[in-house]
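Participant: Read off the chains here:
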Amino acid sequence: MQFRLEKRPEPSRLMLYGTPVAAVVLTMFIGAIIFSLIGYDGIGAVREIFFTPLTNAFKWQDLGVKAAPLIIIGVGLSIAYRANVWNIGAEGQYIMGGLAAPWGALASHGAGGWWTLPAMMIAGVAGGAAYAAIPALLRTRLNVNEILTSLMLTYASVQLIYYLVRAPWKDPMGMGFPQTRRFASEALLPNIIPGTIVHAGVPIAIIVALVAWFIMTRSVFGYQMRVVGAAPHAARYGGFSENKTIWLALLVSGGLAGLAGMLEVAGPFQRMVPGFPTNYGFTAIIVAFLGRLNPLGVIFAGIVMAITFVGGEIAQTTIGLSNSATGVFQAMMLFFLLAGDILVRYRVRRVTPQVEARA
Amino acid sequence: MPNRLELSGITKQFPGVLANDNVSFAVKPGEIHALLGENGAGKSTLVKMIYGIMQPDSGEIRWNGEPVVVPNPKAARRLGIGMVFQHFSLFEALTVLENIALGMDAKIPSRELEARIREVMQTYGLALDPHRTVATLSVGERQRIEIVRALLLNPQLLIMDEPTSVLTPQEVEQLFTVLRQLASEGCSILYISHKLHEIKALCDTATILRGGKLVDTCDPKEETSRSMAEKMIGTGLKDIVKPAGRSFGEPKLVVNRLLTHRTGHFDVPVTDVSFTVRAGEILGIAGVAGNGQNALLDALSGEIRSEDREAITIDGKAIGHMDTTERRRHGLCAVPEERNGHAAVADFSLSDNSVLTARDRLGMVVMGLINSGAARTYTGKVIADFAVKALGPAATAGSLSGGNLQKYIMGREILQKPTVLVVSQPTWGVDAGAAAAIHQALVDLAAAGSAIVVISQDLDELRTLSDTLAVINMGRLSESRPVAEFSVDEIGLLMGGVHGAEAAA
Chain A
1 MQFRLEKRPE
11 PSRLMLYGTP
21 VAAVVLTMFI
31 GAIIFSLIGY
41 DGIGAVREIF
51 FTPLTNAFKW
61 QDLGVKAAPL
71 IIIGVGLSIA
81 YRANVWNIGA
91 EGQYIMGGLA
101 APWGALASHG
111 AGGWWTLPAM
121 MIAGVAGGAA
131 YAAIPALLRT
141 RLNVNEILTS
151 LMLTYASVQL
161 IYYLVRAPWK
171 DPMGMGFPQT
181 RRFASEALLP
191 NIIPGTIVHA
201 GVPIAIIVAL
211 VAWFIMTRSV
221 FGYQMRVVGA
231 APHAARYGGF
241 SENKTIWLAL
251 LVSGGLAGLA
261 GMLEVAGPFQ
271 RMVPGFPTNY
281 GFTAIIVAFL
291 GRLNPLGVIF
301 AGIVMAITFV
311 GGEIAQTTIG
321 LSNSATGVFQ
331 AMMLFFLLAG
341 DILVRYRVRR
351 VTPQVEARA
Chain B
1 MPNRLELSGI
11 TKQFPGVLAN
21 DNVSFAVKPG
31 EIHALLGENG
41 AGKSTLVKMI
51 YGIMQPDSGE
61 IRWNGEPVVV
71 PNPKAARRLG
81 IGMVFQHFSL
91 FEALTVLENI
101 ALGMDAKIPS
111 RELEARIREV
121 MQTYGLALDP
131 HRTVATLSVG
141 ERQRIEIVRA
151 LLLNPQLLIM
161 DEPTSVLTPQ
171 EVEQLFTVLR
181 QLASEGCSIL
191 YISHKLHEIK
201 ALCDTATILR
211 GGKLVDTCDP
221 KEETSRSMAE
231 KMIGTGLKDI
241 VKPAGRSFGE
251 PKLVVNRLLT
261 HRTGHFDVPV
271 TDVSFTVRAG
281 EILGIAGVAG
291 NGQNALLDAL
301 SGEIRSEDRE
311 AITIDGKAIG
321 HMDTTERRRH
331 GLCAVPEERN
341 GHAAVADFSL
351 SDNSVLTARD
361 RLGMVVMGLI
371 NSGAARTYTG
381 KVIADFAVKA
391 LGPAATAGSL
401 SGGNLQKYIM
411 GREILQKPTV
421 LVVSQPTWGV
431 DAGAAAAIHQ
441 ALVDLAAAGS
451 AIVVISQDLD
461 ELRTLSDTLA
471 VINMGRLSES
481 RPVAEFSVDE
491 IGLLMGGVHG
501 AEAAA
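Chains as they are written, first to last, in our numbering: chain A, 1 to 359; chain B, 1 to 505.
Rather than coming from a laboratory, the hints here were simulated on the basis of the structure. Mixed in with the good hints, there may be bad ones.
To list a few chain B residues with every Cβ distance to chain A over 10 Å, as calculated [what the hints assert, rightly or not]:
| id | residue |
| --- | --- |
| 1 | P2 |
| 2 | I53 |
| 3 | H87 |
| 4 | T95 |
| 5 | E98 |
| 6 | T164 |
| 7 | G186 |
| 8 | G211 |
| 9 | V268 |
| 10 | F275 |
| 11 | F348 |
| 12 | R359 |
| 13 | S372 |
| 14 | E490 |
Simulated crosslink set (DSBU-like; lysine-lysine; CA at most 35 Å straight-line) [to be verified]:
| id | chain 1 | residue 1 | chain 2 | residue 2 |
| --- | --- | --- | --- | --- |
| 15 | B | K231 | B | K107 |
| 16 | B | K74 | A | K170 |
| 17 | A | K244 | B | K231 |
| 18 | B | K317 | A | K244 |
| 19 | A | K7 | B | K417 |
| 20 | B | K317 | B | K195 |
| 21 | A | K244 | B | K221 |
| 22 | B | K381 | B | K221 |
| 23 | A | K7 | B | K317 |
One-sided and incomplete, this derived list gives chain B residues near chain A with beta-carbon spacing under 7 Å [to be verified]:
| id | residue |
| --- | --- |
| 24 | D323 |
| 25 | G341 |
| 26 | D347 |
| 27 | T357 |
| 28 | G363 |
| 29 | V365 |
| 30 | I370 |
Quick reminder that beta carbons are idealized off the backbone N, C-alpha and C, glycines included.
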């Protein structure tokens, strides 16, 4: 017996939107089995990781705070991926946004005002976009694959943090810790719900997603991204330059990653520390795909990913699951999603071997 | 003597369409049998089942009187069935010999294979140097590789799928000589085509399919081209109405020493192309595929921009340096040869596909936002005016059949009322009914005062449609002259360029 993939005449709408849900459910199912097999309480792990963050109201604020950067970066990536521009280095652009913002905050320490936060935001976006401009330049001028360059630049940016917090930006009063001083209050994101850790980045994430959705569905810019991704040749015929699109896609996704970096450093971190890179930029790749490269879908996908992060922390304390378990669950989700996507476009047919020809 | 091949009650169902419905016919030894039908009539499906690429749902295939199952092409070749596909599968960077060696089921030492190739070529008068690189060969010569490859297996049945669509008239004549010789030696030939005069000249029997059903089996020599065409499409054929005594107005499109640069390794750029098209005139550009037609279309549409602004002018305005969007604003619309992925995006709705080329000329963009209502209305008009069979503006381009998609694309450009319209292969793979509609629309657009350039490999199309004709060969364009002044032979020689002259000698 043989199996063969056969292209469907038209991909099923229901399956297209059902796949992410199916991927999440399968992840729970297979995850429970795997962790049981290696000697943990598998069902408990799934319960702690996927359900406790939802049932425990104290954890909701964590969800919002974790989801916000994932959504902002995920929205940017979903725009770039639509145009078939594979920016894998959002983590690096997130870091550069996070470094560009405190640069101003530290320089103006104590001399800032109402304009400090907006200025930091602009600096964050510019930092991320500028860092994404390097792969854009290399791709459009020298035809260097942006997957490699953007990914490799991430590691360079991590080293830049280490350098800055150990030498020029090091807090003189920090008792030798490699970190910057805490930002002045005007350079810190305001809390929007008193008594919680929910900062202004959370509503900003939702606004970014809604604006991006509107632009992607209604504007010529969104059309350009979609048509270049779907049919580059047709895009050229329609008058859209491929190079311009690569630039736009990288600048937008880099800029949004930079914005997320700024919101993180001015929000939860309040200073730059070597532990600033938290893989949001990589996890957002999963968020973008789980959200079907649709900014509205990214909101939900960002929340699902935030659940696994928060749940992973819970499981760490309650059932002693390693922190890497979160990564295993997230990777499984992406794997099942991509596998499911094949089945949306193709179906598996069983082919019985034929009788040999008789002449 | 039993029939070489006999099909009885062959039925093949695809999701949503019955591709072959109870088809039965027989091919005698040494017979040249035509399989006629429009696109989508089920010819390809039927042939794929004979060659083992697909399996029939029901029905029986008999080979020399014995019922057989053909599980795959390898088994078909073992039975003695050879096939020459419409699209060749050749590696351009390899030699003729290497290409043939790669396609053989059995491993044969290169020296022995070369000897056999030379023998086959000698027997059938197929001139070809086994050590030439495929990239340097004309389309006709490439086809000869495929024929030699099939003949090396001493087939008893040779299937030819639309073999002449890319050949010059002289190359067609040579091919027919080979096929007739094969038939006289007892090899049966199943000849798929929709070119009726060829079938009349070559074939002994014709089986006509329509909508997956067998309509008629007839003797093409006793039929007229028109009667066979009507059987193919099922209704009477409409003639193109061309107003008599047309006169041309001012020059609209003037191309002066246009050239493009080579981009890929094997593509053909255009050199020093000059022509003028006047208001109301249809200029036909004939030529064998791969002689610079794609570069010419891209250079005219603006996908390739010229360094010389004066190389292309519309109404006296230099546009050579402009991109496609600017050129469209100045009244130049273009339709490339490839429908899917070039002229249209398969995954997009028709409405979104209208935005692709009509957004500026028809005001579909307001402050960077797309007015989807305007796009929908325009798409609806295209669908209605050009009788496009689609569920509506929201249907995806990929859900349309080739002919309907082409009607939509032509309609999308024509209804923009361009000053100059450049189209490549406007009826490639389109059924006769749709082709007639597209031809009429082009003639009407010209009558309304537009200048039209039609790039095509179909000489019949160009001779009925064009007022003036020029021939492109190896990126160079001949002088354009009134179409009536050309004889078919002369066009053929121009199309063949040096290649054709050598081969004819």
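Participant: Which of the stated hints cannot be reconciled with the structure, identified by number in ascending sequence?
Facilitator: 11, 12, 13, 15, 16, 17, 19, 20, 21, 22, 23 and 28
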